[in-house]
Amino acid sequence: TQLLEQSPQFLSIQEGENLTVYCNSSSVFSSLQWYRQEPGEGPVLLVTVVTGGEVKKLKRLTFQFGDARKDSSLHITAAQTGDTGLYLCAGAYTGKLIFGQGTTLQVKP
Amino acid sequence: EAQVTQNPRYLITVTGKKLTVTCSQNMNHEYMSWYRQDPGLGLRQIYYSMNVEVTDKGDVPEGYKVSRKEKRNFPLILESPSPNQTSLYFCASSLYLGGTNTEAFFGQGTRLTVV
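Those protein sequence lines, which keep their order, are chains X and Z. So in our numbering, spot 33 of the first sequence is number 33, and the numbers just go up one at a time. One rule links them: number in our numbering = place in the second sequence (from 1) + 109.
Just so you know, these hints were derived from the structure itself, not from any lab. For every residue, glycine included, the Cβ atom is placed at its ideal position computed from N, Cα and C. A couple of the hints might just be wrong.
Stated by the list, open to error - Lysine-lysine pairs mimicking DSS-like chemistry, simulated, CA-CA at most 27 angstroms apart: (1) X/Lys96 to Z/Lys174; (2) Z/Lys178 to X/Lys96; (3) X/Lys70 to X/Lys56; (4) Z/Lys126 to Z/Lys178; (5) X/Lys70 to Z/Lys166; (6) X/Lys96 to Z/Lys166; (7) X/Lys96 to Z/Lys180.
To be verified - To give an idea of the interface, some chain X residues facing chain Z are shown, with a C-beta separation under 10 angstroms as derived from the structure: (8) Gln2; (9) Leu4; (10) Gln9; (11) Ile13; (12) Gln37; (13) Leu45; (14) Thr48; (15) Gly52; (16) Phe99.
Stated by the list, open to error - Ranges of calculated distance between the beta carbons of each label pair, as one might list FRET restraints: (17) X/Asp67 to Z/Thr131: 41 to 47 angstroms; (18) Z/Lys174 to X/Ala78: 44 to 50 angstroms; (19) X/Thr104 to Z/Thr122: 25 to 31 angstroms; (20) Z/Lys166 to X/Val28: 21 to 27 angstroms; (21) X/Thr104 to Z/Ile121: 24 to 30 angstroms; (22) X/Ser30 to Z/Lys166: 19 to 25 angstroms.
All chains should be built: construct the whole structure from the sequences, respecting the hints.
Structural data, given as structure tokens:
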């Protein structure tokens with residue numbers, strides 16, 4: 001059982017569409033992070049959310065941390081082909097940095 | 110340039126032949142860890158280290174060993190590799206764990222095939 005459950009696992013959309021990726025847990029996290037990974041590379045940090053209810057924006061990407069600090073979401077507005085990649089949420093839990101299964105996003109032109 | 114360096118990038122080996130994957134970071138980070146990445150399973154933590162001489166098991170430690178004799182290095186050792194250890198491996202480091210300013214920096218990955 002994954003401590004961090006991401007959904008959906010796969011998403012294929014047309015350029016210009018909006019999408020939301022979810023990261024859920026039954027446990028409380030002091031912070032959650034979102035990473036993006038491209039083929040052949042290691043994950044790269046996009047954002048860290050720390051406060052319950054926090055919203056952070058990174059250009060067309062909006063990240064939200066749930067009020068109870070058990071879940072987070074990533075919303076992309078007007079997706080572009082360059083957004084294609086694997087998106088991972090991660091959180092620190094009992095000394096470990098654990099990751100969700102990831103969401104593979106394909107944006108078609 | 111701040112980075113995590115893993116070697117080798119690609120490795121094909123035979124069952125039972127001991128191997129070591131090296132990992133080095135130049136950011137004076139306290140926390141280092143090893144992950145394996147398999148399709149549909151995401152990144153699973155193998156071992157982690159909070160500081161020099163302090164290591165602990167992650168979620169999938171069986172068949173692996175690590176050591177942290179110096180702050181910058183965190184090698185992953187497979188004493189007797191088996192085909193089910195064929196995977197993509199990542200080393201990562203961060204200043205601390207949890208909270209702000211705890212970005213994990215990843216190496217480029219090591220694709221290991223055990224035949």
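**Prompt:** Straight-line Cα separation of X/Lys70 and X/Lys56 no greater than 27 angstroms?
**Reply:** OK: X/Lys70 and X/Lys56 at ~17 angstroms, within 27 angstroms.
**Prompt:** Is X/Lys96 close enough to Z/Lys174, meaning Cα to Cα at most 27 angstroms?
**Reply:** Holds - the C-alpha atoms of Z/Lys174 and X/Lys96 are around 17 angstroms apart, at most 27 angstroms.
**Message:** Check whether the Cα positions of Z/Lys178 and X/Lys96 lie no farther apart than 27 angstroms.
**Reply:** 20 angstroms, holds
**Asked** Regarding the hint that X/Phe99 lies at the interface with chain Z, is the smallest CB-CB distance below 10 angstroms?
**Response** With Cβ-Cβ at 4 angstroms, under 10 angstroms, it holds.
**Asked** Per the CB criterion, is X/Leu4 less than 10 angstroms away from chain Z?
**Response** 9 angstroms, holds
**Asked** Is the shortest C-beta separation between X/Gln2 and chain Z less than 10 angstroms?
**Response** 7 angstroms, holds
**Distance restraint hint 24 to 30 angstroms, applied to the beta-carbon atoms of X/Thr104 and Z/Ile121** = 26 angstroms, holds
**Prompt:** Is X/Lys70 close enough to Z/Lys166, meaning Cα to Cα at most 27 angstroms?
**Reply:** 24 angstroms, holds
**Request:** Would you settle whether the hint for X/Gln9 is holds or violated, based on the nearest Cβ-Cβ distance to chain Z being less than 10 angstroms?
**Result:** 8 angstroms, holds
**chain Z contact restraint on X/Gly52 - CB to CB distance below 10 angstroms** = 14 angstroms, violated
**Asked** Can the suggested window of 19 to 25 angstroms be confirmed for the beta-carbon pair X/Ser30 and Z/Lys166?
**Response** For Z/Lys166 against X/Ser30, whose Cβ atoms are near 22 angstroms apart, the range 19 to 25 angstroms holds.
**Prompt:** CB of Z/Lys174 to CB of X/Ala78, is that within 44 to 50 angstroms?
**Reply:** Hint holds: Cβ distance 48 angstroms, inside 44 to 50 angstroms.
When the structure is compared with the earlier hints, violations turn up for hints 11 and 15 and for no others.
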